[in-house]
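Using this note's numbering, the letters of the sequence shown map in sequence onto residues 1 to 451.
For the record, the hints were derived by calculation from the structure and aren't laboratory data. Quick reminder that beta carbons are idealized off the backbone N, C-alpha and C, glycines included. Be careful, since some hints might not be right.
[Said to hold, decoys possible] Label-pair distances were calculated between CB atoms; the ranges are:
hint, residue 1, residue 2, range
1, E195, Q333, 43 to 51 angstroms
2, V244, G364, 23 to 31 angstroms
3, I189, A160, 19 to 27 angstroms
4, L367, E176, 45 to 53 angstroms
[Claimed, not checked] Here are the simulated DSS-like pairs of lysine-lysine, each with C-alpha atoms no more than 30 angstroms apart in a straight line:
hint, residue 1, residue 2
5, K347, K88
6, K227, K88
7, K227, K203
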Amino acid sequence: MNTESQLTRLGLFDARVPRYTSYPTAPHFSDAVTPQHFMHWLQAIRPGDEISLYLHVPFCRRLCWFCACRTQGTSTDAPVAAYVETLKAEIALMAAHLPEGVRLSRLHWGGGTPTLLSPELIADLAATIRAAVPFGAAAEFSVEIDPNEVDEARLDALAAAGMNRASIGIQDFDPEIQETIGRDQSYEITRTVVEGIRARGVKSLNADILYGLPHQTTQRLASTVQKLLSLGPDRVALYGYAHVPWMARRQQMIPTDSLPTPEERLRLFETARRLFVWDGFDEIGIDHFARPDDGLAVARRAGQLRRNFQGYTDDTAPVLVGLGASSISYFPQGYAQNVSATAAYTKAVRDGGFATHRGHVFAGEDLLRRRMIEALMCDFRIDSAEMIETQGATPGQLAAMYAVAAQRFPGFVEVTPAGFSIPHEGRPLTRMVAAAFDAYGMSKAGHSSAV
C-alpha cells in the first residue's frame with residue numbers, strides 16, 4: 001500500500017480539523033470572559049516584561065473573494081480615520097493598566113489592509129503606540145502590505161515609523177486564478193513594491209501564497225513559486241486555501257467545481273515544498289519556509305519555535321495583546337477576544353471600556369494540552385521530560401494520551417521513552433494527530449480541510 005493510500009485510509013482527505021493557532025480553538029470561546037478579565041490580566045503582567053502587540057485594521061478597498069478574514073470594504077478614508085481614533089483610545093486605555101516598564105518585543109499590523117492608512121495616519125498611530133509602550137532593544141515591527149494598496153509615501157511613512165519586517169500577500173501569480181478569486185495583482189506590481197521595501201532598508205520580507213486555489217495545477221503553482229523566489233523573500237507561508245463559504249459568504253463567488261480535490265491539494269503542497277527546499281529554505285512546521293539565517297529557522301534549531309494567531313513565530317513573549325475589532329489576546333490566564341463588529345467595538349471603546357466580547361479561561365489540562373499541541377505543530381514531537389517539568393504532567397497521564405494517538409495513526413507516529421513524535425512520512429497528518437490531543441469536541445463544518 002503506497003503512502004497516499006495509507007493517508008486515505010486514515011481519513012486525511014476527508015477530515016476537517018483546526019489549524020491550532022490556539023488551544024482551545026476560537027469556536028470554544030464563550031462570553032464568560034469579560035472586559036474585567038482583560039483588564040485584570042493586563043494588570044497582572046510582570047513589571048519590566050516584554051509583550052507582543054497586534055493591531056487589526058478591518059478595512060479593504062476591495063474584498064477578495066478567497067478571503068475569510070474579518071474585513072469590510074470602504075471607498076473613502078473617513079471610516080478609516082475614525083477607526084484609527086478609536087484604536088488610539090484603546091491603546092491609551094491599555095497603557096493605563098500596564099505595569100511599569102513594560103516594553104514591546106513584537107508589533108504587528110494586520111487586517112484587512114493596514115496600508116490603506118494614509119501616511120499621516122500611519123505616523124500618528126505608530127507614534128501613539130511608541131508613546132504608550134516603548135519598543136524593546138530587539139523589537140520587530142511588521143506590517144501586512146497589499147502591493148495594490150501602497151505607494152511611495154506610505155512606504156516612506158512605514159519605514160520612518162520603524163517597520164523592519166514586511167509581509168506581502170501574493171496568493172498566486174496566475175492571471176486566471178487571480179480573476180477567479182477576485183485578486184488582481186501582477187508580478188510586476190509586486191516586484192516594484194518589494195524593491196521599494198528593500199530600498200528603504202527593511203531587511204526582512206515575508207510572503208504568503210496559497211495552494212488549493214481554483215484552476216491551480218502543479219505546473220501553475222510551480223511557476224508562481226519560481227516568480228516568488230525571484231523576489232528574494234526571507235520567509236514564506238504556504239497556506240492551504242480554506243473554502244468555507246458557509247462562514248465567508250464572499251467565497252460563494254468561487255465555483256466549487258474549479259477547486260482541486262484533496263488528493264490534488266496534497267500534490268500541490270508537495271510541489272511547492274520541494275521547490276522551496278531545493279532553493280535552500282528550511283522547513284518550518286507544517287506550512288512555513290525560511291532562509292537559514294531567518295529568525296524562524298534559528299528558533300526552530302534552538303527548539304524555541306512557537307505558534308500564535310499569526311502562525312509560526314520566534315517571539316517568546318508571555319503575552320500577546322490584540323487591539324482592534326475581532327482581535328484576540330493571549331495571556332497566561334487565557335484568551336480574550338474583542339467584539340467583531342466595528343460599530344460595536346467602537347461604541348465599547350468610546351464609552352471608556354475595553355471591547356472584550358468572549359474568550360476562555362484556562363482550567364484543568366488546558367495548558368498541558370496547549371503546549372503538547374504546539375510542540376507537535378512546531379517540532380513534530382512532544383518531549384515528555386519538558387511536559388513533566390514545565391506543565392506538571394505525570395508519566396501515566398502522558399502515556400495515556402500517547403496511546404490514544406498511537407492507536408488512531410498506526411505506523412505514522414512513534415512512542416518512545418523520550419516522548420511522542422511524527423516521522424516525516426506522517427507529517428501530512430500533523431493537524432489530525434494534534435486533534436487526538438484535543439479534549440474539546442469539534443464540528444467538521446467549523447474547520448478547514450486537513451490537507
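(message) Run through the hints listed earlier and report the numbers of any the structure violates, in increasing order.
(response) 6
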